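Enquirer: Okay, here's what each chain looks like letter by letter:
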Amino acid sequence: MTVLLQKLGVIAATAVAYLFFCRLNAWLFSLLNYSQGVDWIFLPSGLRLAFILVFVDLGAIGVCLATTLLAFYGQVEANLFTCIGTGIVSGVAPLLARKVCIQRLGLDASLHNITSRALFVTSAVFAVVSASLHQTWYFWLGITNNLFGSILVMTVGDFLGTVVLLYVAKMILAVFLPDSSEEAGRTSR
Amino acid sequence: MNDVVGGHCCQVAYNLRFFSLNRKHLMSYLKFLNLVKAIRTLPSFPGIDPVEEQLLNHLAVQWSKGTLVSVVETMNILTDQSPSTVHRRIKSLRKKGYIGFQENAEDNRVKYIVPTALSTKYFKKMEECLVAALR
Numbered sequence: 001m002t003v004l005l006q007k008l009g010v011i012a013a014t015a016v017a018y019l020f021f022c023r024l025n026a027w028l029f030s031l032l033n034y035s036q037g038v039d040w041i042f043l044p045s046g047l048r049l050a051f052i053l054v055f056v057d058l059g060a061i062g063v064c065l066a067t068t069l070l071a072f073y074g075q076v077e078a079n080l081f082t083c084i085g086t087g088i089v090s091g092v093a094p095l096l097a098r099k100v101c102i103q104r105l106g107l108d109a110s111l112h113n114i115t116s117r118a119l120f121v122t123s124a125v126f127a128v129v130s131a132s133l134h135q136t137w138y139f140w141l142g143i144t145n146n147l148f149g150s151i152l153v154m155t156v157g158d159f160l161g162t163v164v165l166l167y168v169a170k171m172i173l174a175v176f177l178p179d180s181s182e183e184a185g186r187t188s189r
Numbered sequence: 001m002n003d004v005v006g007g008h009c010c011q012v013a014y015n016l017r018f019f020s021l022n023r024k025h026l027m028s029y030l031k032f033l034n035l036v037k038a039i040r041t042l043p044s045f046p047g048i049d050p051v052e053e054q055l056l057n058h059l060a061v062q063w064s065k066g067t068l069v070s071v072v073e074t075m076n077i078l079t080d081q082s083p084s085t086v087h088r089r090i091k092s093l094r095k096k097g098y099i100g101f102q103e104n105a106e107d108n109r110v111k112y113i114v115p116t117a118l119s120t121k122y123f124k125k126m127e128e129c130l131v132a133a134l135r
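Chains as they are written, first to last, in the numbering used here: chain Z, 1 to 189; chain C, 1 to 135.
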């Protein structure tokens with residue numbers, strides 16, 4: 001029971017955080033919107049990457065729920081089939097990208113071998129896979145006409161959003177949680 | 001003595017049991033720690049070695065005086081380094097974006113070393129560190 005509650009807690013927390021970041025992105029970068037659901041900078045993609053890498057399936061469910069809600073309340077046409085489909089694509093795409101990174105690029109599932117370079121490569125794979133699946137789905141539904149243009153913009157937006165968020169996280173970590181091991185190394189030198 | 005060893009073994013067994021029972025939650029936490037570690041090591045300023053730093057400091061002093069420094073003059077700026085070593089460092093600093101070249105309008109064989117946005121940012125950061133250290 002406790003485990004189930006904890007899992008539900010993780011799903012709810014990821015969904016709420018993702019929803020908040022989607023709204024924040026819409027507010028901050030409304031001018032950088034390319035077409036429906038496609039932005040030149042998409043901050044939540046960084047959060048999605050972190051959720052999928054850390055919580056895996058639970059993170060994907062959270063992202064899926066948040067995207068379904070967002071789609072239902074205005075981002076995409078409020079058709080239940082479209083909304084649920086968009087949510088599923090949103091949750092499944094990063095899981096697929098994670099699988100690609102693990103199987104093809106040698107990323108360890110527990111992330112013990114992740115470096116800053118691997119983080120960039122993983123972000124790029126996440127952006128390409130997510131944009132391709134999303135836009136193929138939108139193209140199939142007739143929401144987008146320019147498939148390749150939209151894939152390109154969404155890939156750029158997802159990647160830029162991830163990089164921006166990672167650097168914001170780096171700054172926050174540097175200010176509020178300085179690396180104690182680094183400091184210890186410096187003083188012992 | 002045996003009690004101490006026995007107690008230690010019990011503690012280890014308890015720790016292992018704790019880890020195996022909470023493996024899934026701990027995995028998420030360990031993944032989070034690994035992710036944080038990777039984020040911390042994201043590149044910020046391109047790394048510069050001590051000679052490059054020394055060279056950049058010398059150049060900054062000249063720039064602050066409003067003096068234009070040519071590449072040839074810079075090659076002899078560091079008395080403890082050979083001109084060829086300094087030349088290599090000039091090239092690497094340019095490649096990293098810390099310095100730029102500006103040709104002399106009258107004689108295009110003469111190139112001046114000029115600061116870039118990155119070097120300005122670098123010195124600003126150094127200044128901030130100094131102010132923080134003095135506090």
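Since the hints were made in silico from the structure, they are not lab data. Be aware that one or more of the hints could be misleading.
So the derived label-pair ranges between C-beta atoms look like this [stated by the list, open to error]:
id, chain 1, residue 1, chain 2, residue 2, range
1, C, 102, Z, 92, 18 to 28 Å
2, Z, 106, C, 130, 39 to 49 Å
3, Z, 115, C, 85, 28 to 38 Å
Every value quoted in this text rests on a predicted model; they were computed, and no experiment measured them. Ideal placement from N, C-alpha and C gives every residue a C-beta, glycine not left out.
Enquirer: All hints, please: hold or fail.
Expert: Hint check results:
Look at residue 102 of chain C against residue 92 of chain Z: about 53 Å separates their beta carbons, and that is not inside 18 to 28 Å. In this structure the supplied range 39 to 49 Å holds for residue 106 of chain Z paired with residue 130 of chain C, their Cβ-Cβ distance being about 42 Å. One distance hint, 28 to 38 Å for the beta-carbon pair residue 115 of chain Z and residue 85 of chain C, holds here, with the actual separation near 31 Å.
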